[in-house]
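**Student:** Following the hints, put chains B, C and D in place on chain A, whose structure we already have.
There are 4 protein chains.
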Amino acid sequence: LKEQNISFTAIDVFENEEDLYLKNPDFLICLGGDGTILEASTLTAGTGIPVMGINLGRLGFLSNVSRNDIDLAISMLCQGRFTVSERSMLSLRNSSSPLGADFLALNEVTVSRKDSASMITIHAWIDDQFLASYWADGLIISTPTGSTGYNLSCGGPIVSPASGVMIITPIAPHNLNVRPVVISDSSQIRLQIEAREKYFLVATDSKTQNIECGKDLLIQKAKVTFSLVQLEGYPYYKILREKLYWGADKRN
Amino acid sequence: LKEQNISFTAIDVFENEEDLYLKNPDFLICLGGDGTILEASTLTAGTGIPVMGINLGRLGFLSNVSRNDIDLAISMLCQGRFTVSERSMLSLRNSSSPLGADFLALNEVTVSRKDSASMITIHAWIDDQFLASYWADGLIISTPTGSTGYNLSCGGPIVSPASGVMIITPIAPHNLNVRPVVISDSSQIRLQIEAREKYFLVATDSKTQNIECGKDLLIQKAKVTFSLVQLEGYPYYKILREKLYWGADKRN
Amino acid sequence: LKEQNISFTAIDVFENEEDLYLKNPDFLICLGGDGTILEASTLTAGTGIPVMGINLGRLGFLSNVSRNDIDLAISMLCQGRFTVSERSMLSLRNSSSPLGADFLALNEVTVSRKDSASMITIHAWIDDQFLASYWADGLIISTPTGSTGYNLSCGGPIVSPASGVMIITPIAPHNLNVRPVVISDSSQIRLQIEAREKYFLVATDSKTQNIECGKDLLIQKAKVTFSLVQLEGYPYYKILREKLYWGADKRN
Amino acid sequence: LKEQNISFTAIDVFENEEDLYLKNPDFLICLGGDGTILEASTLTAGTGIPVMGINLGRLGFLSNVSRNDIDLAISMLCQGRFTVSERSMLSLRNSSSPLGADFLALNEVTVSRKDSASMITIHAWIDDQFLASYWADGLIISTPTGSTGYNLSCGGPIVSPASGVMIITPIAPHNLNVRPVVISDSSQIRLQIEAREKYFLVATDSKTQNIECGKDLLIQKAKVTFSLVQLEGYPYYKILREKLYWGADKRN
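Protein chains in written order, with my numbering: chain A, -11 to 240; chain B, -11 to 240; chain C, -11 to 240; chain D, -11 to 240.
Among the hints, a few may not be true.
[Said to hold, decoys possible] So these bits of chain A aren't anywhere near chain B, every CB distance computed over 10 angstroms: (1) P13; (2) T35; (3) G45; (4) R46; (5) R55; (6) Q67; (7) F70; (8) D103; (9) L119; (10) A150; (11) S174; (12) S175; (13) Q197; (14) C201; (15) G202.
[Unchecked claim] Here are the simulated DSSO-like cross-link-like pairs (lysine-lysine), alpha carbons at most 30 angstroms apart as the crow flies: (16) K102(B) to K231(C); (17) K226(C) to K102(B); (18) K203(A) to K209(D); (19) K209(C) to K102(C); (20) K203(A) to K203(D); (21) K231(D) to K231(B); (22) K195(A) to K226(D); (23) K226(B) to K209(A); (24) K195(C) to K195(B); (25) K226(B) to K203(B); (26) K186(C) to K186(B); (27) K203(C) to K102(B); (28) K186(B) to K195(C); (29) K102(D) to K231(B); (30) K209(D) to K209(C); (31) K226(A) to K102(C); (32) K102(D) to K231(A); (33) K102(B) to K226(B); (34) K203(B) to K195(C); (35) K226(A) to K231(B); (36) K203(D) to K195(A); (37) K102(B) to K186(C); (38) K209(D) to K186(A); (39) K209(D) to K231(C); (40) K209(A) to K211(B).
In case anyone wonders, no lab produced these hints; they're calculated from the structure.
Just so it is clear, CB atoms sit at the ideal spot from N, CA and C, and this is done for glycine as well.
Bound conformation, chain A alone (with noise of 0.2 angstroms):
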């Protein structure tokens, strides 16, 4: 994770939280994929500060900036030739560590089996009613800006980042029947895990961490949010496009 300070006299790199609130930049520029912005989300979120991504590979969807355009890019955050486009967060609390922080998730809260050799049983509730028992591989709880990532893969939808909702999605479902899920992003989650082992996996984004079953798990629209930099004429359609091939299809 390697991250810049874009103000107008000085290039400086952070190297932790408080270094970030002490220097208080303008920007921070990410160097990397969405894997890094995604990291940088957790130490971002919250304070304003807008974060613009510079892809050193192929574009992502959050960091969508190339390496070639790093001087027109810079240019237009000094010009003002931008927006900030305010993501919404995941918090997820787990019962069974009450006093303890909530986690924050830019793309998704994902819960799935430790191994794979056998399903487990998700219960859950929206706003305290039942919704569903889901018997799955998993289940992914998206915002819109996770839409594109492991949701898309599990036949969620793509929702734009102005939706304000979240997305429920089942890996995998062993019902033949359910389906992906919006509702509104002011609704509360809770989910309860049955698993034949005393564990299930919890990911926000990419931090994956066990937790025993039985307990509850909370989810909901984080208080904070992500800012990202989007530059004039990267519209979010037209990465959609690019990045999901979508014109390029030659089945006939």
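**Tutor:** Same frame as chain A, but now just chains B, C and D:
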């Protein structure tokens, strides 16, 4: 289409729109399935008159009171044991008839080819930003209410009524990597259709019309809403589970 | 439809079926896309004359020689550097015209509703055992060759040409738990259609006809096959990867 | 795993494989669900001893005689009112243990990542022709018998037992345009796995093992088959309809 005025003193049957305005009932009761409610929705949209559907056959998503529960349902209505769920609708404007009235849909606006021999190309813009060109049998723009209908048959997600979104779902798309897209319902969608034939079909709910290719279609959230009675104890997710047979899967 | 006789001494253009039988060429070369080959397939089915497709536009699954490689392709043909892939076809018999000839399809037989307002019900039997009643826009019976066509758009699997099977894939099925079904191509499929309208559409590849509801449709593997030239170095899976853009996905 | 010898004079319980060979029963009766039959399949594969499953809980695809019908089922067995359905199995050879025995699977061979943090890359060849590189949670190679299991949960088709094919279905593939592929079961599949971790998981039915990345996995139709009793009046498609709830959909 039969509708009854459930005032406390009399049961009237409405024959037409004028009649409805004149008598200005407290509620409308629809006897019939979801299709009947869809037809009634155009009539009551914007009047604020709440509609309750009593189903003579299988329970519907909208018409969700069973024939056996009529007495109970009416007494719950009288006792105020219900909420009114304001459902968003879509308005469709055809640029070739600028003076004509907009068409309303509670479930979805569907464009599709006129005969089944050849696909059509549907160019789509969101708020004047180009989204994609679909090569498909057709395209569905669905409300949350319509999400459990044709949209669901074509791989679109279930969307809870309180979500402020629209869903854009292609029908049998030739492009393998296109996916349903969920966008904020404050957006405006513009479509342009190319086909081998001169005309294509547009359906607002189940009402179809032929429209000439090349003209713009504008679709957005209607200014009016449809007011649906939700009796206590019939929560949305329970209807969903029952209608979609969640929990009944016996694959193992 | 243009076809050329690639004998070693002369290039003839065939105008009709009689002409083809008379001249009995060693090969047919189709100039055009997959659609052109589909049309040619009815003509050459059962003659044993191998067909090679030269594509003037984008490469197809069947018409997979590029215009730039014409010289190379013809010299490979002359040198015997190819194999002949015998592709199974479907024959369709309509019980209401018992004396009429069967219709042939190289890709698929599709039944679908005549207009797009209401679904149709398709009752299906396999070898006189009841399979299912589909409530849908239509139903596709596909060969392995057709598996990458309409079948794929509707969620059916890709099936390699050497598999002795047929695929039954519903179009936008209302029943959420139905799935594409693959059966042995030694089976016979019987369909019966119920609809609000008197007629429904049947397509053998892209040729459509109106058929009256209620009559039986019998679909089985045709006695004849279509002989497709496969030049060395153009293996099926390579064409598949290129056509479907496998390996090019840039989502991350 | 409990099995009983249904000879006409005595009911024996088998404790191990040797016992089974020694007594050489006319039939085996499995008490339990499909999981129990899967376990029994390794034991009886290649012996030609037909197995009938009696289900103590919900009916299965394999174990499809209900507890209430035990007497009837046994008398049907004695009267010869059944057929034997020979089900193909898969054999898995791990190139890193060339001397070891092959592993057998009646349903499927699954490769998947060991923990759920990062995807794996699975390179696949069919008869030494490169098919694709999947970037996914895993890959399923399924028999027709296994098609209604994990394969179905991951979007693969239902395949009737008499079809001579295997199905290759990715689990949550990142590449949006890959699809399940059906190939002839006379083909050999070779897989090679790349992952961040040193090991990945391989499951033959529900038995898992850790295998080192980089080594070849060879999967093909086993020489042995599994013999399943099909009583008269329990046809495959009827079981399918009942298990998958076809016909019960109440969406409208």
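**Student:** What are the numbers of the hints the structure violates, in ascending order?
**Tutor:** When the structure is compared with the hints, numbers 9, 10, 11, 12, 17, 18, 20, 22, 25, 29, 31, 33, 35, 38 turn out to be violated.
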